[in-house]
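Work the whole structure out from these sequences, hints included.
Protein chains: 2
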Amino acid sequence: MSKITWDNKSYLLGGERKFLVSGEFHYFRVPKEDWEKRLILLKEAGGNCVATYVPWILHEPVEGDIRFGDIPQRDLEDFLQLCKKLDLLVVCRPGPYQYSELKYDGLPGWLCENYQEILARDIHGNIFRGSSVSYLHPVFLEKVKKWFDVVNPILAKYMVAKEGPVAMVQIDNELMGIHEWYGGFDYNRDTMGFGTESGRYPVFLKNRYSNVESLNLAYGTSYGQFNEVYPLKDGNAKKSNETRRIKDYQDFYFQTISEYIYLLYKWMREAGIDCQIVHNSANPYMNSYFLEAVKLMGKDFLLGSDHYYNLNQDWNQNNPTPQYAINVYYSNEMLRLMGYPPTIFELPGGSLSDWPPITKEDLLCCYMTNMALGMKGSNYYIFTGGPNPEGASHHGDLYDYNASIGALGDIRPTYESQMIFGKFLEENAWLAGSDHMADFHIGLDWEQSRSSHYWNGKRGMGFSNSDAWKFLRKGLMTTAFCASYSCNLSDLSNPIVMEELDKPLVVATSACMSEMIQNNLVEFVKRGGKLILSPVIPQLDENFNPCTILSDYLMAGGSGRFEKTSPVISVGDVHNILMTGSLWVNESRPSEAQGIAFEETSGTEIGWKADFVGGGKVIWLGFQWSHAKHEHSDMLRCLLAKLECDKSMIRCSNPNVWTSIRSNGEKHMLFVMNLLSAKMTANIEVSRKGKDDIRLADIVLNPMEVKYFEIEGEIEL
Amino acid sequence: MSKITWDNKSYLLGGERKFLVSGEFHYFRVPKEDWEKRLILLKEAGGNCVATYVPWILHEPVEGDIRFGDIPQRDLEDFLQLCKKLDLLVVCRPGPYQYSELKYDGLPGWLCENYQEILARDIHGNIFRGSSVSYLHPVFLEKVKKWFDVVNPILAKYMVAKEGPVAMVQIDNELMGIHEWYGGFDYNRDTMGFGTESGRYPVFLKNRYSNVESLNLAYGTSYGQFNEVYPLKDGNAKKSNETRRIKDYQDFYFQTISEYIYLLYKWMREAGIDCQIVHNSANPYMNSYFLEAVKLMGKDFLLGSDHYYNLNQDWNQNNPTPQYAINVYYSNEMLRLMGYPPTIFELPGGSLSDWPPITKEDLLCCYMTNMALGMKGSNYYIFTGGPNPEGASHHGDLYDYNASIGALGDIRPTYESQMIFGKFLEENAWLAGSDHMADFHIGLDWEQSRSSHYWNGKRGMGFSNSDAWKFLRKGLMTTAFCASYSCNLSDLSNPIVMEELDKPLVVATSACMSEMIQNNLVEFVKRGGKLILSPVIPQLDENFNPCTILSDYLMAGGSGRFEKTSPVISVGDVHNILMTGSLWVNESRPSEAQGIAFEETSGTEIGWKADFVGGGKVIWLGFQWSHAKHEHSDMLRCLLAKLECDKSMIRCSNPNVWTSIRSNGEKHMLFVMNLLSAKMTANIEVSRKGKDDIRLADIVLNPMEVKYFEIEGEIEL
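Chains as they are written, first to last, in the numbering used here: chain R, 188 to 904; chain A, 188 to 904.
Quick caveat, the hints were computed from the structure, so don't treat them as lab data. Some hints here could point you the wrong way.
The list treats identical chains as interchangeable, and a pair is accepted whether it falls inside one copy or across any two copies.
Calculated cross-link-like contacts (lysine to any residue; reagent style SDA-like; alpha-carbon spacing at most 20 Å) [said to hold, decoys possible]:
1. K425 with N313
2. K420 with F896
3. K751 with G296
4. K866 with E892
5. K690 with L483
6. K751 with N301
7. K751 with L306
8. K834 with V249
9. K804 with D739
10. K751 with N313
11. K751 with G370
Model, not experiment: these values are computed from the prediction.
Following this line, the structure appears as structure tokens:
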């Protein structure tokens with residue numbers, strides 16, 4: 188088999204940059220006699236990999252009786268041998284969890300029924316549901332270890348390094364989903380060790396605060412010892428010290444997840460699994476829940492994400508939409524910034540629901556949008572199904588999932604979309620090594636993206652992290668796409684932000700920003716960087732303690748909400764901008780600053796620009812918006828113009844048509860997306876270095892159509 | 188001008204059934220020199236009516252200084268005369284509220300700034316926002332009366348009865364929106380009279396409970412007098428007596444709205460306004476908030492609704508969708524059941540937001556969908572705009588709204604959709620007198636549709652009203668559309684349900700059902716009706732008191748939730764049905780009943796069918812679903828087959844293509860809707876009496892396309 192490696196740009200198969208094209212293919216569902224025929228269909232659609240769960244519920248039907256190979260549905264090894272024969276890599280997902288519409292989410296029934304002490308609990312001690320466990324519960328771990336002790340050695344025999352097909356093994360499945368969706372964080376007392384000196388939670392607090400006096404100072408409490416401290420209920424905090432306490436619990440909870448990941452990882456490695464260990468975040472908004480794990484595991488781990496657009500009628504969209512594209516964009520960018528080739532371990536191949544339908548047009552649009560926005564590896568969930576093993580599924584005899592290859596082997600219209608996409612990837616293989624080209628950077632403060640549990644914006648502590656995160660997506664990113672600006676996300680906690688000083692950095696700020704990020708931004712400006720901050724200038728660190736490094740350097744004061752009925756907002760020469768969010772004023776500002784934005788009826792300054800020693804320039808704008816009007820685009824252009832950076836590589840005449848340019852340095856591909864239900868036309872210009880602009884006139888895009896154009900010559904930034 | 192009358196089928200203009208086609212046209216924004224030109228454009232698009240606000244903020248810029256005619260923007264009378272000249276009816280909306288992106292929602296600034304005692308308050312006494320008033324506050328009413336005393340006599344001069352153009356005058360605008368969206372119910376102490384013997388709230392309680400002992404019994408309290416009673420906070424109830432107390436406050440609040448409507452109505456009538464008085468519910472889900480008003484006002488009032496599909500990026504959909512069609516469907520049906528010709532006083536003509544875009548394809552689809560599902564009158568909001576009067580608007584110099592005729596008079600592509608729709612209405616004028624043809628009836632318990640404030644389904648009191656309401660929309664209605672069944676809603680509180688005994692009646696039940704409805708259903712069965720109840724058999728009345736009229740008649744017991752991991756659900760011969768909601772069992776059932784539905788692994792009966800004296804048949808199914816799979820359609824067909832009523836007028840091969848047949852008894856029109864982003868094809872058969880079925884093969888529908896076919900002959904039910 189090809190050796191598989193990766194960097195944050197792409198996978199390398201046998202040393203060559205390649206796109207990982209996988210299809211979810213359950214040996215325990217697809218009839219054995221159909222395996223080869225359907226695997227060949229996957230290869231014909233461009234597949235070079237298959238993924239499968241190895242369901243605990245199926246292989247250990249009775250406790251202690253772990254079975255492989257006794258019936259065709261348990262013939263894992265035959266399946267792996269066949270994949271090897273067909274030169275297909277394999278991603279194995281031995282759990283413990285599978286989900287996959289299996290009973291008990293894929294855990295054995297005997298485990299959930301006979302050992303209820305392992306179940307996750309809410310803060311009141313209530314069980315969420317019968318199959319949501321507390322990951323680190325000792326009894327659960329003991330049972331998992333026994334399962335792993337059997338399944339892992341089997342997988343280990345088939346490692347790529349041993350000329351086998353298994354290139355990746357996945358730890359668990361969509362971790363935290365079974366908590367998040369059914370109750371919130373897990374507060375299982377035994378797992379978390381509340382009240383006991385050596386318990387996980389007291390130890391975490393001790394590590395964080397060293398002594399209980401510091402904790403009391405932070406929490407406004409008067410505990411005598413760490414083991415007296417219990418978490419506060421998520422959502423109930425009114426004061427910042429309570430909010431901090433909830434945030435601490437979240438940090439702790441995420442740390443337990445990293446501990447769980449590390450433990451399973453260790454067991455895998457001990458069993459001889461020496462391939463890439465991976466995991467799939469359940470969706471874009473959960474990617475940052477894995478920061479602790481990513482930090483702990485480093486390159487010995489690879490996080491991907493799952494990018495569905497619709498699984499039932501309650502989803503916000505029936506088809507891919509611009510809002511979906513924003514999710515895809517930030518998700519892929521997050522994975523890239525974590526150091527991984529953006530991999531979508533579950534890219535829709537169908538849906539359990541027949542309605543709303545998964546159409547071939549929507550699917551192809553989904554694939555191309557993910558591609559245009561940075562996807563480097565993918566796995567169709569599912570490529571094909573089959574009969575559910577008896578007693579293992581919670582619904583139906585057939586697991587069809589409306590997949591492109593039906594449960595009975597029939598070829599569906601959606602297969603055509605996979606063929607087209609596969610062909611596109613084959614013909615444009617160089618895109619595997621491509622980067623997204625950017626006019627400017629949008630700063631990412633990870634903490635903002637995971638703050639909704641502890642700081643939902645309604646707690647009177649200034650502009651919240653979750654509001655900033657919303658502003659980033661619905662304001663900045665959406666406006667950038669509508670204005671045909673190309674942006675990369677930039678990890679603010681990484682000093683690398685300072686490496687591209689020629690490009691402006693736009694940061695959606697909240698009342699809080701860590702010392703590290705404040706220092707990075709100061710350093711960025713000191714070295715001559717161009718920075719736009721909106722809507723506030725933080726005065727606190729991420730734990731709500733005073734921290735004015737950035738504010739002091741800028742010589743700017745704190746920010747207060749500016750309440751005004753019917754404000755008239757002007758930014759530069761863009762007047763009367765629709766208020767779709769909130770306005771903020773600064774208590775003080777750099778003495779040399781120029782006012783650039785005003786609430787006109789009161790003459791109040793809501794934005795300034797200032798120059799700093801070393802050539803750095805800073806714009807502060809006290810306006811948080813949700814993109815609604817073309818004037819929001821004009822405003823962004825105007826701000827960038829004040830930094831002399833308003834030019835964009837791409838000019839698109841139609842704000843409803845979104846674009847992306849990817850390049851490997853030699854070749855350039857322009858993607859043009861219509862994620863709306865009506866036909867769109869657009870004229871597009873792309874700047875080139877030393878050559879005339881490319882002009883693409885009257886591009887017509889059907890609903891859900893993504894077109895692409897290879898651009899000759901070098902793009903002008 | 189044509190005399191205008193109406194019944195619940197349609198409007199009649201000069202005695203002829205006609206569709207009311209109106210366009211919102213603000214004389215205070217459209218430049219006077221453009222009035223005629225643009226009104227002619229409206230007429231050319233099929234318009235026979237215009238609607239305009241008469242903004243208080245504009246006409247009373249300083250308290251006591253009410254101005255008309257001094258500047259072109261205040262030339263209401265010239266405008267009305269021009270409409271008369273052009274033979275256009277007028278809907279006037281003199282407020283007090285306008286919204287319309289005017290400052291203070293159209294109230295004068297001096298009123299909101301100088302009389303803050305009039306503002307609505309939450310239960311803690313906090314003001315929601317600076318322009319949300321407490322409608323019945325005496326100071327507010329005093330100011331409104333002075334405004335009305337000037338504006339109403341002007342309008343009265345232009346009544347249709349006096350050969351003027353004014354056919355309708357609207358009371359206020361989207362009542363309760365300024366409460367609902369910014370805080371909830373109004374608890375202004377002065378308005379509601381908490382604590383005072385003659386206060387509105389104590390008097391309401393006295394009328395409801397007669398003596399305080401009855402109230403104490405109902406609330407589990409020990410008050411000495413009615414004026415000691417204060418409302419409980421919405422959302423905090425855990426017990427049924429607390430829930431009842433919150434529901435009482437809601438009933439009281441809705442009653443104050445009816446009192447307010449009546450008062451404004453009276454002032455209008457006193458001023459000589461003798462035309463139709465109307466109001467627009469802000470959206471479908473608020474229609475039932477007006478039941479008290481509808482009951483109080485009778486035919487001297489006409490309620491319509493507003494049917495937007497997208498006004499900004501936070502909406503659940505960017506374009507019309509099947510989910511939107513469900514809203515349109517039940518909204519139009521509700522208005523019809525109230526006795527009105529379903530009128531959409533704000534049908535999208537554009538959007539304040541430039542993005543997501545309002546496209547001509549989406550708009551035409553929206554119009555045709557509303558038409559197919561019962562709309563009989565409409566008003567494009569807005570048809571055309573213009574410069575905002577100085578100081579009156581909270582945003583921008585121009586109020587363009589992306590309307591079909593731009594603020595500067597330019598004709599936009601969306602005008603084409605209005606032309607096409609206008610032409611369709613002209614060519615098919617008979618549709619004004621058409622009814623929707625139905626295979627069966629879906630019962631409407633109004634209370635369910637307005638229960639989310641007091642009973643959100645998380646309160647352990649059995650299957651809630653709001654869950655039943657969700658089941659009705661996402662389960663029953665959606666399944667019916669996907670299965671190409673045609674249904675009418677049937678008002679369960681009206682004995683008229685018994686008039687169509689040949690058609691089955693399907694009722695989504697909650698734990699509560701009023702005595703009146705229980706009696707009506709019993710009577711329906713006694714007379715030979717065929718009834719399907721799902722998922723529970725109510726044991727309580729709407730106030731949570733025991734009420735087992737229906738249960739006793741059926742000889743069936745109460746319902747308990749049936750909790751089972753991975754249940755296997757079968758209904759008739761449809762097996763293994765996807766569980767997308769909840770399961771319920773009956774404590775007891777009619778002894779002669781046949782089991783028709785089971786949880787198979789446990790053998791538990793979750794549905795039965797029983798025959799009753801007089802030929803009535805009842806099916807109870809303990810399954811609440813959200814439509815996801817074709818088997819949900821099969822299940823519905825199976826239930827109807829057990830009542831020998833599974834035939835449908837229409838059979839559509841594609842469940843993603845939805846249909847509607849309208850008929851005036853002589854002519855029949857089939858509407859075929861594709862509300863998805865991909866092209867759809869369908870084969871459709873329509874049954875005819877004494878003739879071959881009509882077969883429409885290979886109908887191809889573009890995304891957002893609605894096609895229509897006139898069907899010859901009589902349709903077979």
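Against the structure, the hints:
1. K425 with N313: between (24 Å within a copy, 17 Å between copies)
2. K420 with F896: neither (52 Å within a copy, 59 Å between copies)
3. K751 with G296: between (59 Å within a copy, 12 Å between copies)
4. K866 with E892: Classified as both: same-chain Cα gap 9 Å, cross-chain 12 Å, threshold 20 Å.
5. K690 with L483: Neither. Shortest intra-copy (31 Å) and inter-copy (65 Å) distances fail the 20 Å Cα cut-off.
6. K751 with N301: Answer is between: at 15 Å across copies they meet the 20 Å cutoff, but 61 Å inside does not.
7. K751 with L306: For K751 and L306, only the inter-copy Cα distance (17 Å) is at most 20 Å; the intra-copy one is 50 Å.
8. K834 with V249: neither (66 Å within a copy, 48 Å between copies)
9. K804 with D739: For K804 and D739, only the intra-copy Cα distance (15 Å) is at most 20 Å; the inter-copy one is 79 Å.
10. K751 with N313: Intra 45 Å, inter 18 Å, cutoff 20 Å: inter-copy only.
11. K751 with G370: between (39 Å within a copy, 19 Å between copies)
Violation of the numbered hints given earlier is confined to hints 2, 5, 8; the remaining hints are satisfied by the structure.
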